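J.: Letter by letter, the chains look like this.
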Amino acid sequence: MYETPLTVSDLNSYVRAILENDEVMQNVYIVGEVSNFKHHTSGHIYFSLKDDKSSLKAVMFAERSKNISFDLSNGMKIFAYGYVSCYEVTGQYQLYVYYVSPAGKGEISEELKKLYDKFSHEGLFDDSHKKEVCKYPRKIGVISSKTGAVIHDISSVLKRRFPIAEIVLCSVNVQGGKASSQIVKALKALQEYGDIDTIIIARGGGSTEDLWAFNDENLIREIFECNIPVISAVGHDVDYTLCDYVSDVRAPTPSVAAELSSSSIDEIKKLLEKYRLQIKNHLCFYVEKLDSNIEILKKITSTHNIENKIEDLSFKLKLCKNDLQNNLNNKINKYLNKLMIIKNIIALSSKEYILGKGYAILMKNGNIISDICNLKTGDVVTIISHGGKIEFEISNLKLEKKIEE
Amino acid sequence: MKNKLSIEKALGELDEISSKVELEETTLSESIEMCEKARILIKFCEEEISKAKQKITELELDY
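Protein sequences appear in the order of chains E and R. The letter at position 380 of the first sequence is residue 380 when you use this note's numbering, and the numbering goes up by one with no holes. The letter at position 62 of the second sequence is residue 467 when you use this note's numbering, and the numbering goes up by one with no holes.
Looking at chain E on its own, in the form it has when it is part of the complex (with noise of 0.2 angstroms):
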């Protein structure tokens, strides 16, 4: 029997401390009906959950309410993820909910497409956000669980096709409440971590509430804001989520995703391989200009042509020198015959010439006489005539008037 007994509070307490300090009722990840619902005007939401058997009381308080994007409401199947606590001062344990998911199929469909609305009419999915992925990355960041085929099928691929790629592997829980926060932190931490060329978030195939946490808002948002290539590849080719419409890209598998993230080495080393063919052909193709270029050059400027040059100019120099002779020779001739007519001219206005002729000149006292009128009996006259000249005195003036005509 017990030596001292606990009060209903010690029990109660310890009671909260067994259930907080229990990983598993931490970490609740439960499916059932709602029930008694109750939207406090606090905006805290009471509920019971339920399945055929029993009941949990549950309660979501505002600032985790405020962010359900469905009705919910008594009847509906849902899931809910929490932990479980025990509210000392009634000692009742509950589900404190931090998030819930409707688990019908038709509420998935319609909760999905009022997200899918939502998220399109803010232009979240529009073409003009997508953004290219790397081609030749260097390091690629993996968001996937680290057990399992996917993160084996991008290692596959990644080695045989791009293996100087560099894998960053973000282990998380890919389904369950807390895969969509995990996510998300691994989102912001690549982004951090620095020289990430493109982001790979991969799960395998599942159920609709298998794959719920990849429609998370949340986790929609912050791939959006992610300045990192991102490439979806959430469950099989059938399967579409949320995250797949606000990727990058979106690949139908783990393994097509490594693919799209990648080059191929071969395909490289054959374009490599065509663009030094090129190179080669067109640098002998330059090569053998020149050389033909170099071939006319020397020919043009060869001294043979030079020598027919000089030959020419100096043709044209004699020609010049012959032309500029005759030229002052023509020249000087016509000044000549020009002096030579002149000459006569004069020559024939000349004295001597006029006394070879046989006329003579009358002079007197040295001067000549051009009218006899002038003289009379007793002047002494010279007379010169082409042999030489008479003086003698005037004995006898005879004056014969001049018959006028």
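Treat the hints as calculated values from the structure; they're not laboratory data. Computed from a predicted structure; not experimentally measured. One thing to keep in mind: the hints can contain errors.
Cross-link-like lysine-lysine pairs, in silico, BS3-like; alpha carbons within 25 angstroms at most [said to hold, decoys possible]: (1) Lys456(R) with Lys338(E); (2) Lys425(R) with Lys321(E); (3) Lys425(R) with Lys50(E); (4) Lys460(R) with Lys318(E); (5) Lys460(R) with Lys299(E); (6) Lys398(E) with Lys456(R); (7) Lys458(R) with Lys321(E); (8) Lys456(R) with Lys357(E); (9) Lys298(E) with Lys456(R); (10) Lys331(E) with Lys448(R); (11) Lys414(R) with Lys318(E); (12) Lys334(E) with Lys425(R).
Chain R is nowhere near these chain E residues, computed Cβ spacing over 12 angstroms in every case [stated by the list, open to error]: (13) Asn218; (14) Leu313; (15) Leu328; (16) Tyr335; (17) Ile354.
The beta-carbon is built from N, C-alpha and C at its ideal position, and this holds for glycine as well.
Starting from the known structure of chain E, arrange chain R on it as the hints suggest.
T.: For chain R alone, coordinates are given in the frame of chain E:
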């Protein structure tokens, strides 16, 4: 003049002088003056041609 003058330009000037001398309007003294200038140009051309021939000989040796 000689520094900037080329043989082709000199030949051109000689042609010009030759034509001017031929003209009636050009006086004898002007013609003689121009021929003096022509004499200098001819001498320049002959020297240039001689230098070019010398250079050709050197180039042929190099080839």
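J.: Between the alpha carbons of lysine 456(R) and lysine 357(E), is the straight-line distance 25 angstroms or under?
T.: violated, 68 angstroms
J.: Please verify whether lysine 425(R) and lysine 50(E) have alpha carbons no more than 25 angstroms apart.
T.: Since the Cα atoms of lysine 425(R) and lysine 50(E) sit roughly 128 angstroms apart, the hinted pair is violated (cutoff 25 angstroms).
J.: For the pair we were handed, lysine 414(R) and lysine 318(E), check the Cα-Cα distance against 25 angstroms.
T.: Measuring from Cα to Cα gives roughly 15 angstroms; hence the hint holds.
J.: Take a quick look at asparagine 218(E) and tell me if its Cβ sits farther than 12 angstroms from every Cβ on chain R, holds or violated.
T.: holds, 84 angstroms
J.: Within a Cα-Cα threshold of 25 angstroms, do lysine 460(R) and lysine 318(E) meet the stated pairing?
T.: Holds. Lysine 460(R) to lysine 318(E) sits at ~21 angstroms (cutoff 25 angstroms).
J.: Hey, lysine 460(R) versus lysine 299(E), does the alpha-carbon distance stay inside 25 angstroms?
T.: holds, 17 angstroms
J.: Could you grab the alpha-carbon distance between lysine 331(E) and lysine 448(R) and see if it respects the 25 angstroms cut-off?
T.: With a Cα-Cα distance of about 23 angstroms, the restraint between lysine 331(E) and lysine 448(R) holds, given a limit of 25 angstroms.
J.: Hint check: lysine 456(R) vs lysine 338(E), CA-CA at most 25 angstroms. Holds or violated?
T.: violated, 45 angstroms
J.: Could you grab the alpha-carbon distance between lysine 334(E) and lysine 425(R) and see if it respects the 25 angstroms cut-off?
T.: Answer holds: lysine 334(E) to lysine 425(R) is near 15 angstroms, not above 25 angstroms.
J.: Check the non-interface label on isoleucine 354(E): least C-beta distance to chain R beyond 12 angstroms or not.
T.: Nearest chain R Cβ is 33 angstroms from isoleucine 354(E), so the label holds.
J.: Against the 25 angstroms threshold, does the CA-CA distance of lysine 398(E) and lysine 456(R) hold or violate the hint?
T.: Answer violated: lysine 398(E) to lysine 456(R) is near 91 angstroms, above 25 angstroms.
J.: Just checking, leucine 313(E) versus chain R, shortest CB gap more than 12 angstroms?
T.: violated, 6 angstroms
Hint compliance for this structure: hints 1, 3, 6, 8, 14, 15 and 16 are not met, and every other hint is.
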